[in-house]
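Visitor: One letter stands for each residue in the lines below.
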Amino acid sequence: MPRLKSVEELQKLRTQLQKNIESRTETSTTITVGMGTCGIAAGAREVMQAILAELDKRDINAHVTTVGCIGMCHKEPLVDIRQGDEPRITYGNITPAMVSRLIEDHLANGQVVDEWVVGRVAG
Amino acid sequence: MATLIIDGQEVHAEEGQTVLEVARANGFEIPTLCYHPQLEPYGACRLCIVEVIRRGRSRLETSCTYPARDGLVIKTKSPPVIEARAVILGLLLSRCPNVPVIQELALEYGITEPPFPVEDPEEKCILCGLCVRTCHELVKADVLNFSQRGIERRVGPPFLEKTRQCIGCGACTIVCPTGAIEIVLEQAGIYKEKPLGPTAAIWVPSLQAVPRVPVIDTDACIRFRQNDRTEGEIADACGVCQMVCEAGAINFDQQDEVVEVDVGTVIVATGFQMWDPAQLSQYSYGKSPNIITGMEFEHLSNAGGITSGEILLADGRKPEQVAIIHCVGSRDHNAHEYCSRICCMYSLKQAHLVRDKTDAAVYEFYMDMRAFGKGYEEFYERVQEEGVVMIRGRGAEVEVLPDGKLRVKGEDANLGRLVYVDVDMVVLSTAIEAPHDANQVAALFGLSRSVDGFFAEAHPKMRPVETNTGGVFLAGAAQAPKDVPDTVAHAGAAASMALALMDQGEVTISPAVAVVDEELCSGCKTCISLCPYTAISFIEEDNVARVNEALCKGCGTCVAACPAGAIEALHFTDEQIVAQIEGVLAWV
Amino acid sequence: MAERHRADLLISCLHGRYPELIPTLQEEIERRGLTGEVGVVEAGCRGLCAMGPVMLIKPGGLFYTNVQPADVPELVEETLIKGRAVERLAYKEPVTHQSVCYYEDIPFYSKQVRHVMHDCGMIDPQSIEEYIAVGGYQALSKALTTMTPKEIIEEVKKSGLRGRGGAGFSTGWKWEATRQSAGDVRYAIANGDEGDPGAFMNRSLMEGDPHAIIEGMVIGAYAIGNVRNAYIYVRDEYPLAVSNLNIALEQAREYGLLGEDILGTGFDLDIKVVRGAGAFVCGESSALMQSVEGKVGEPRPKHYHATERGLWGQPTALNNVETWANIPLIINKGAEWFASFGTENSKGTKTFCLAGQIQNTGLIEVPMGITLREVIYDIGGGIPGGRELKAVQTGGPSGGCIPASLLDLPVDYDSLVEAGSMMGSGGMIVMDDRTCMVDIARYFLEFLKEESCGKCSPCREGIRAMLEILTRITEGQGKMADLETLETLAKTVQTASLCGLGKSAPNPVISTLRHFRDEYVAHIEDKKCPAGVCKALIEYYIIEDKCLGCGLCRRKCPQGAISGEKKEVHVIDPALCIKCGICRDVCKFDAVGVR
Amino acid sequence: MGVDFEPRIVAFMCNWCTYAAADTAGVSRMQQPPNVLPIRVMCSGRVSPEMVLRTFRAGADGVLVMGCHIGDCHYNSGNHRTAKRIPLLRNLLSYAGINPDRLRLAWVSSAEAPRFVEVTNEFIKTIRALGPLSQGVTE
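Protein chains in written order, with the working numbering: chain A, 1 to 123; chain B, 1 to 588; chain C, 1 to 595; chain D, 1 to 139.
These are computed hints drawn from the structure, not numbers from a lab.
Bear in mind that the values here come from a model prediction, so they are computed numbers and not experimental data.
Wrong hints could be hidden among the right ones.
Said to hold, decoys possible - Below, a list of computed lysine-lysine pairs in the PhoX-like style, where the Cα atoms sit at most 20 Å apart:
hint, chain 1, residue 1, chain 2, residue 2
1, B, Lys-140, B, Lys-162
2, C, Lys-588, C, Lys-546
3, C, Lys-302, C, Lys-503
4, B, Lys-75, C, Lys-479
5, C, Lys-567, C, Lys-535
6, C, Lys-295, B, Lys-140
7, B, Lys-374, B, Lys-357
8, C, Lys-142, A, Lys-5
9, A, Lys-19, A, Lys-57
10, C, Lys-479, C, Lys-535
11, A, Lys-75, C, Lys-82
12, C, Lys-491, B, Lys-77
13, C, Lys-142, A, Lys-12
14, D, Lys-125, B, Lys-525
15, C, Lys-111, C, Lys-92
16, C, Lys-556, C, Lys-567
If we strip away everything but chain A, and leave its shape as in the complex, we get:
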């Protein structure tokens, strides 16, 4: 285990460790993946894993949660992204291949990927 020799080292370690408990810390970004039977059947798990990997790669602090079926089974896998007080954006028919762009545009650049959006819910 590293012996910390300065405050800077402590700060560096902290930044590094923070990711590990990200799920427990407050964040403004929540990504929700539909995980009803319909979602799983449509490949929601793979999508979710891709999201987690992408977040990790880009070092983005966001909560990833799962929900059950919301009734739009034909649009599964459904992915909701919510940032702060912004309206919730729901994307439909997401595949793992789309995840990289989704994260890059929406989370990193703040650009909603309009062509994949299926709905916006305020509040």
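Place chains B, C and D on chain A using the hints.
Guide: Leaving out everything else, chains B, C and D in the frame of chain A:
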């Protein structure tokens, strides 16, 4: 230096003093049970509580632990103080209803009955911790400590079992304010030869000695015993005497040492010792504290003694009848056959003292009244006039009655019948005898001892202070029982004899010495090794033995041994002796 | 090192009941292919101890109570895979019996302000990494590198932090006094000898967030100066606290946050855990220090404050573990922030343990000044069975009883003392109308009789005497004069005892006499126990109107004192009845009465 | 042997112990027969075997040698010599035709006047029983 106000009076305190110390030094009375000046303050009994007003705030604090800070205002008797002490004493009296010291203190605060009675009224320990702290801080034996807690708390050795760590010093029993600790002597003896009652390891061997200097009994002293026991590991135990001695006169490092002095004359004045009356069981000595020896009576009656000269029984009462038994151990075939000479007169004196100091009736059991000295007979008559009952006949037996009274039985030879009296106190006029180590002294100086054990003088009539060893003289009771005037006279005589010898500056030796007839001497050297005084030396060039006349004492051992008949003892020559033999045998 | 998870299951208050819960969970997670995605953490206390094991799922804040191994497959399927709440595991609102799924929505938590306990239950207490990740040792690095000792003390003084052990002495002043006492060697001690019956705030903190205490102590040691050794005194009945603290200390040493040259600043400090020896009195500061020194834990006179002559005669700062754990908060967030909670004279938040006749027994943290009513009814969920509140006992055995009439009393140091009780370390025992106040006073004195060290006579003998009088009263043998005697005794024990234990021992008597004198009088004059507790003074009987003749009481009665035909009114034979109260407890119709 | 036989016994007494004891016995008016004829020597160690033999030759029926107890000798060790010599001499006596019982060694300290009387009386009795020492006849 701090200034305080105690009960309205301004007092000054040294650095480090507590409120209690300052208050007591200035004459304020504060009760304590767990305080001892030689121990760290503990603050357990809480009786020394006083009201402390500091920076305008009033609180109850224990004065034994509270530092005497500058500007304190102390009230030792304010109503909250009195109330708290009364409640505490009520609680302590409830715990220990039968402890006199608690009863007395409680009474001072108006409490006569235990307000919260407990089941076991025999409890004596108030858990003040004095014993525990003494054992830890002073004795450094750490035998006693507390176990359990709360109301179950108790004092004892580990696991309440007997422990070898305990050196039996008894310090705990002495500091215990309530008498809750008893010491059980499995090996009796160390207190035996001490003055009346329990004594400390530092004591004054003779109360009226000048200078009146105490000695430390290293066999009993805690410091020495701990040092010896732990081979120096605990070298600083106790030391209370050093702490309290204002003159700084206690020196533990002082060692016994052998001092060699060259002297020309020696006066042996080793005195006597008191005979132990426990050897004759009929006197019941040791079975009642009110059966005492004449020597113990002297301690009792001494103004500097434990009762300040009052003649009291062990329980503090004044006696109503006192019996004095003469000739205890003297003139007795089972003890000493001789008359100790001094007992009659001291017994009469003691009878006089009892009459003088108390209203007690006095009975003297005597065999013969030997009032032989100047004015003695007159004193005897005076004592008789004082109302002392004289019973002629040996006091034969003392019986301790169940109620503690003492029954003295004896024969009244004048009436020719057995009598007994019941008394409160019996004084045994014990014999005096030669000191137990007289034989060692005798061997050291070449002295003879009489049948009675005292040193023998050179001649019972003609040479009462000289001994058979030249230059060694006897003085006082070392020679035979003597009273004070006789001792003074005898000692004077011994001193004059010694001085006379010294004044001459030279000694005259006996002419009865051995001489060697060098013509006959064959030089065999037999005589040389025989001489106890190395007075014979061998002269190499002449091949003969020669006697140094100054060294020769004239015993004649060499004469008897000389194979050549070459040595003669002057004044005891063979010829002279044979002439004597023939002379005496000439008688038909 | 932990991995990045999309969800963490934080499990608390296992209390050793379901050791297989966590392995079962981990197996199920693996079986469902969620390994690496979902983490399982055994975290510190979340307060709702009576409902343990509890599980908080982050993110989201789903909160389950009474989670058992059998619930695991459903829980994983529904919550982790499908993201749905399992309602039957949710917290039940005690009054409305409604399920509340989310942590934030539970009134027990929503009224609390969890500062000291914030990380407790959120992180794995055996992992310094998690503590660092949530911002641990930030205060330490700030204090050591950007603040002078004087500034730290000023900050603590300004925050208004007062000792959380009960006496409420200003922490900043205490540190300053210690700093100003001459000494090349000074000591810092954390008091974790929590002994009050029903109180476990300190244990939860030591078990759940040991690093917070350590961080606070390092900061304090630096501020006080010349402290090279510090001690955490933990009662030996807290093995998990001892082990978590030791793990935390070892980790801190490895990371260079303890030991020599902390964080390269040149500051040295080591901390050791000292295990207590099972005596209540060792929570008293002077006895505690005696105990740390290896002597019998007995109080000594305190005319010199520990800040002058404490451990081994050296200046010593002795604070409760909770006090120490507050320090990093003050340094991180500032004195103003800290002082914004609480009242004029009592700043910040305080942890309490709710126990007794209350719905939500457990550990809470509230801002100072909150009213008793809020604590008992809003957080505590009120009295079970809708019974009436009679009193709240605060401050442990030597605290006092606050009557229901003072329900709007703000909970802070001074108000509690005024009401005849004290803050203590934070125990709160709620008593309903079935509690006899005389019996309660007797109970606490019984405890204190056992726990008094016995050194000083007023405490040792006075408690015994008071207890005897109280026992007499509960047995119906009391006299009116006893009350006066009790008051005199109590006053002397209070003023004349050596240590805090003795000085506060009469509090239960004094406060119940003050607020519930009528109950004493009822025991003495009427020979009645109004609450129906004191056996010598009560009689059980069947209320004929209510008895349906179910026979339950008859079957449960250990003495066979109850008779009656089925469906007919039963009777209790007073001659056989031993007044155990089982019939009253088992009767579903409240048909057993006491008179 | 006749009842009127009065033995003649020569007693060598050391000046410091036995002679003093005899003196005390006299002073104390202790009864003793006149058969013992005292010869004072400074120390019992002065008594040579030759002198004992000359005493027998001179007509003594018995010889007593008396000195201090061992350890009490005025000359430290003189009586140690006596203690060695006299038993040897007793062996020699029978060779010379004299019953060894006619020679006795006894320790009597100055304090032991009664013992002095006892020892001498006892010895007189022994000699009285042995009868007179007949010159030239082997016993």
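Visitor: Tell me, which hint numbers fail for this structure?
Guide: The structure breaks hints 4, 5, 7, 14; every other hint is satisfied.
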